[in-house]
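Q: In case you want the letters, here they are:
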Amino acid sequence: MDNLTTGDFKIVEEPAKPLAMEPRKFGMWIFMGSVVMLFAALTSAYIVREAEGNWVYFDMPQVFTISTVVILVSSITMQWAYWSAKKDNLQNAKVMISITAVLGLAFVVLQWQGWGQLVANKIYFVGNPSGSFLYVLTGVHALHIISALVFLLIVLVATYRYKVHSKSLVSIEMCTTYWHFLGGLWLYLFVFLLLYR
Amino acid sequence: MATIDIHPQTSTHHHDDHAHEHEHHHGNFWTNYVFSEDHKVIAKQFLITGMAWALIGGILSVLFRLQLGFPDADLSWLKPILGGWLTPEGKIDPEFYLALVTMHGTIMVFFVLTAGLSGTFSNFLIPLQIGARDMASGFMNMLSYWFFFVSSVIMFTSLFISTGPASGGWVIYPPLSALPQAMQGSGLGMTLWLVAMAIFIASSLLGSINYITTVINMRTQGMSFTRLPLTIWAFFFTAIIGVLSFPVLFAAALLLIFDRSFGTSFYLSDIYIGGEALPNQGGSPILFQHLFWFLGHPEVYIVLLPALGITSEIIATNSRKPIFGYKAMVGSMLFIAILSFVVWAHHMFVTGMNPFLGSIFTLLTLIIAVPSAVKIFNYVTTLWKGNIRFTAAMLFSIGLVSFFLTGGITGIFLGNSAIDIQLHDTYFVVAHFHLVMGSASFFGMVAGVYHWFPKMFGRMMDERLGYIHFWLTFLGVYLVFFPMHYIGIAGFPRRYYSWTNFETFSGFADLNMLVSAAAILTLSAQFIFLFNFIYSIFRGKAASANPWNSTTLEWTTPRNPGHGNWPGEIPTVYRWPYDYSKPGAKEDFIPQHIPYSETPESNLPHENELIKLELNNGSIDVEKNKH
Chain A
12 MDNLTTGDFK
22 IVEEPAKPLA
32 MEPRKFGMWI
42 FMGSVVMLFA
52 ALTSAYIVRE
62 AEGNWVYFDM
72 PQVFTISTVV
82 ILVSSITMQW
92 AYWSAKKDNL
102 QNAKVMISIT
112 AVLGLAFVVL
122 QWQGWGQLVA
132 NKIYFVGNPS
142 GSFLYVLTGV
152 HALHIISALV
162 FLLIVLVATY
172 RYKVHSKSLV
182 SIEMCTTYWH
192 FLGGLWLYLF
202 VFLLLYR
Chain B
522 MATIDIHPQT
532 STHHHDDHAH
542 EHEHHHGNFW
552 TNYVFSEDHK
562 VIAKQFLITG
572 MAWALIGGIL
582 SVLFRLQLGF
592 PDADLSWLKP
602 ILGGWLTPEG
612 KIDPEFYLAL
622 VTMHGTIMVF
632 FVLTAGLSGT
642 FSNFLIPLQI
652 GARDMASGFM
662 NMLSYWFFFV
672 SSVIMFTSLF
682 ISTGPASGGW
692 VIYPPLSALP
702 QAMQGSGLGM
712 TLWLVAMAIF
722 IASSLLGSIN
732 YITTVINMRT
742 QGMSFTRLPL
752 TIWAFFFTAI
762 IGVLSFPVLF
772 AAALLLIFDR
782 SFGTSFYLSD
792 IYIGGEALPN
802 QGGSPILFQH
812 LFWFLGHPEV
822 YIVLLPALGI
832 TSEIIATNSR
842 KPIFGYKAMV
852 GSMLFIAILS
862 FVVWAHHMFV
872 TGMNPFLGSI
882 FTLLTLIIAV
892 PSAVKIFNYV
902 TTLWKGNIRF
912 TAAMLFSIGL
922 VSFFLTGGIT
932 GIFLGNSAID
942 IQLHDTYFVV
952 AHFHLVMGSA
962 SFFGMVAGVY
972 HWFPKMFGRM
982 MDERLGYIHF
992 WLTFLGVYLV
1002 FFPMHYIGIA
1012 GFPRRYYSWT
1022 NFETFSGFAD
1032 LNMLVSAAAI
1042 LTLSAQFIFL
1052 FNFIYSIFRG
1062 KAASANPWNS
1072 TTLEWTTPRN
1082 PGHGNWPGEI
1092 PTVYRWPYDY
1102 SKPGAKEDFI
1112 PQHIPYSETP
1122 ESNLPHENEL
1132 IKLELNNGSI
1142 DVEKNKH
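Chains A and B are the protein sequences, given in the same order.
My numbering applies: residue 12 is where the first sequence begins, and numbers increase by one.
My numbering applies: residue 522 is where the second sequence begins, and numbers increase by one.
No lab work stands behind these hints, which were simulated from the structure alone.
Even glycine gets a Cβ: it sits at the ideal position worked out from N, Cα and C.
Be a bit skeptical, because a hint or two may be false.
[Unchecked claim] Pair by pair, the computed Cβ-Cβ distance ranges are:
id, chain 1, residue 1, chain 2, residue 2, range
1, B, Ser880, A, Gly195, 50 to 60 Å
2, A, Ile157, B, Gly873, 34 to 44 Å
3, A, Trp40, B, Trp667, 49 to 59 Å
4, A, Gln90, B, Phe934, 48 to 58 Å
5, B, Glu1024, A, Tyr199, 50 to 60 Å
[What the hints assert, rightly or not] Not close to chain B: a few residues of chain A, all C-beta gaps over 10 Å, as computed:
id, residue
6, Val80
7, Val84
8, His155
[What the hints assert, rightly or not] Here chain B is said to cover these stretches of chain A; the calculated rule only asks that three of the stretch's residues, wherever they fall, bring their Cβ under 8 Å from a Cβ of chain B:
id, stretch
9, 34-48
10, 114-126
11, 142-152
12, 161-173
Produce the entire structure from the sequences given, and follow the hints as far as they go.
A: This is the structure:
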């Protein structure tokens, strides 16, 4: 592949990579593609099922609006963390990653409270599929957020160990992409659930 | 200037030098053979697990063929193996029969022809043929195998539980699969099926993500997309299809799990059991079929495309001719991959769907005949006037073309919504998909094993045993599946335990007997292959570095390549992979790593132009490195 095995750089032997991208980053994009397909399947199943009638209308819990704001703000702090790392402002990056993690955790807690509101509104997981779908969509999304929180923690630890800096941005870049993606995914779900319920 | 820009790049390449070092320090048994991150070892793990599954799946099919072909036979001699699954009269228990059919389908489609085929050859060939030291992520690759292994263990365990494995058909339609009280197999067996498949999907996604990433990012210098062997194109499309369709099966299975274990009603509504209504209201079983077949149809091509890629390579090599219509081959595979996502409802013509919608899906389905015909045409024209060498791999590849054609033609019948109403769920369907998808893919897999065995184990398989294996299997497959068309047209439904109660069908007793006898013959022939495989690993004739005089990069590695594949530099690629029998050339093949500057006698005018670029390669690359 390359000949950078020793100290001398035999640049001539470097392979031409027309579409070269850091493989891990690329793999992350493909993974997000499969997550898109998962939610596309669930939401289209939702539409198909709704079209068949016998569909109980539900009110979206108020809390979901707050959680939407929270996840949007966390996207900003995440991006801020990435920019800080890019400028080698590691102190700031650590703070921003931590804030993002706290906001992400708050999002999960808010989603949980949203479920509580649903139960108060007599929309149960077991019952008419409209409610069941609502729980599945939000639940599967929350699971992905939790996976992203784990990723955030890994990046945070890496930042403390000086493994994240302007010359080594891959992990924080992947984390940022994933975080924005999940934020966008929630925005999609939120709007979708507002339009079709 | 250039060196300054390159500095940051060196850090991203660290793992590459690391891979390079692997050849020098040898790990212990566990890291070398069990939890290996070497793509070649993982490929062999997939292959051997897949072969074990194929054997199990094949034996299950012979068991239910015994019931269908010889319904009056006394099978009590199978008591030691089947135990309680035999009735006191020595016949197969009807519920166990359903379990046999279900598990045969599940095992063959997912564990053999998805994991066994893609897992083996994508893993083995992608890094070797594109010129990479290993997959993009060896760790993920290892995980992919071990997820598959865990999934296999769970599925295998389900064969031995007292209530039997899942029995609702490999398509696990609810409500049969959703209600544990529906049948024995819908209890624990179905739960284990769903758990195993969820893990299988994770394994498949890990694998596919790796394959796509590796093909796009890890190609060696000069390996442009138009110089990729067709195998790699096929694996690449297969992986993309997998990434897009398996999550949908996961969604379907997730909702089914909720219905089974948590009491939701995604798929259940208005069901009465023993006169009592279930509480589930508002679900739709058709919804499951939509979700399932959105995976299920692309799955057909996940199974088939790798086999088509493998045969493209083998047929070109052994015809000593360039593949006919390289770009048409790539284009038709791309077209098939796209179409595979918009035809799923042709499995559901009889679910009461809107006839207008049915005609749209008919149209889309029939369009698949176009790229498929392009492929068959190109195979035949590649063979045409070639210096054909009938190696075992070549015979199996030609066999694939035959099955693909025979089975493909009946696809045109079944794709028509009007004709499908008559033929739906009859043995005609069984004959169709076993030929076009089952046997064709199986032949592609076997052809691949014969062809790349020298690279996998450094030894040759016995050709004569290969011929015997081929002819017995080829004739056996046709004897099994050709009569099924007639049985199916007569209306004989699939999945039925017994047909003796229907006077109409008693005329088919002898035909069914023939089919069963042929099935036993075909399975027996596989033991020849198994013997050949195991014997040749240890005692086979030592292989030369390039036994088939092939052009692709894997044959430039040492006889037994270590982790990292090439001991020195990775070869640079200068030409496409099908320079066979090029006019003027010294030999009848020019490997991909031979520059045009070394072959002035055979170069075409525009290739002479490329020599200049070959010489300038270095400076061009330094420019590119800046990014």
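Q: Are there at least three residues in the stretch 34-48 of chain A whose beta carbon sits under 8 Å from a beta carbon of chain B?
A: holds (count 10)
Q: Grab the minimum beta-carbon distance between A/His155 and chain B and tell me whether it stays above 10 Å.
A: At about 12 Å from chain B, A/His155 clears the 10 Å cut-off, so the statement holds.
Q: Taking a Cβ-to-Cβ distance below 8 Å as contact, does the stretch 142-152 of chain A have at least three residues touching chain B?
A: holds (count 4)
Q: Does the Cβ pair A/Ile157, B/Gly873 satisfy 34 to 44 Å?
A: holds (41 Å)
Q: Would the least Cβ to Cβ distance between A/Val84 and chain B come out above 10 Å?
A: holds (29 Å)
Q: Between B/Glu1024 and A/Tyr199, is the Cβ distance one that fits in 50 to 60 Å?
A: With Cβ atoms ~58 Å apart, the hint holds.
Q: Are 3 or more residues of the stretch 161-173 of chain A near chain B, judged by a Cβ distance of less than 8 Å?
A: violated (count 0)
Q: Could you say whether the range 50 to 60 Å given as a hint is met by the Cβ separation of B/Ser880 and A/Gly195?
A: violated (37 Å)
Q: Can you let me know if the beta-carbon spacing of A/Gln90 and B/Phe934 is within 48 to 58 Å?
A: holds (56 Å)
Q: Holds or violated: the 49 to 59 Å window for the beta-carbon distance between A/Trp40 and B/Trp667?
A: violated (24 Å)
Q: Against chain B, does the stretch 114-126 of chain A show at least 3 residues with beta-carbon separation below 8 Å?
A: Violated, because only 0 residues of the stretch 114-126 of chain A bring their Cβ atoms closer than 8 Å to Cβ atoms of chain B.
Q: Against chain B, does A/Val80 hold up as non-interface, every C-beta pair farther apart than 10 Å?
A: holds (28 Å)
In this structure, the hints that do not hold are numbers 1, 3, 10 and 12, in rising order.
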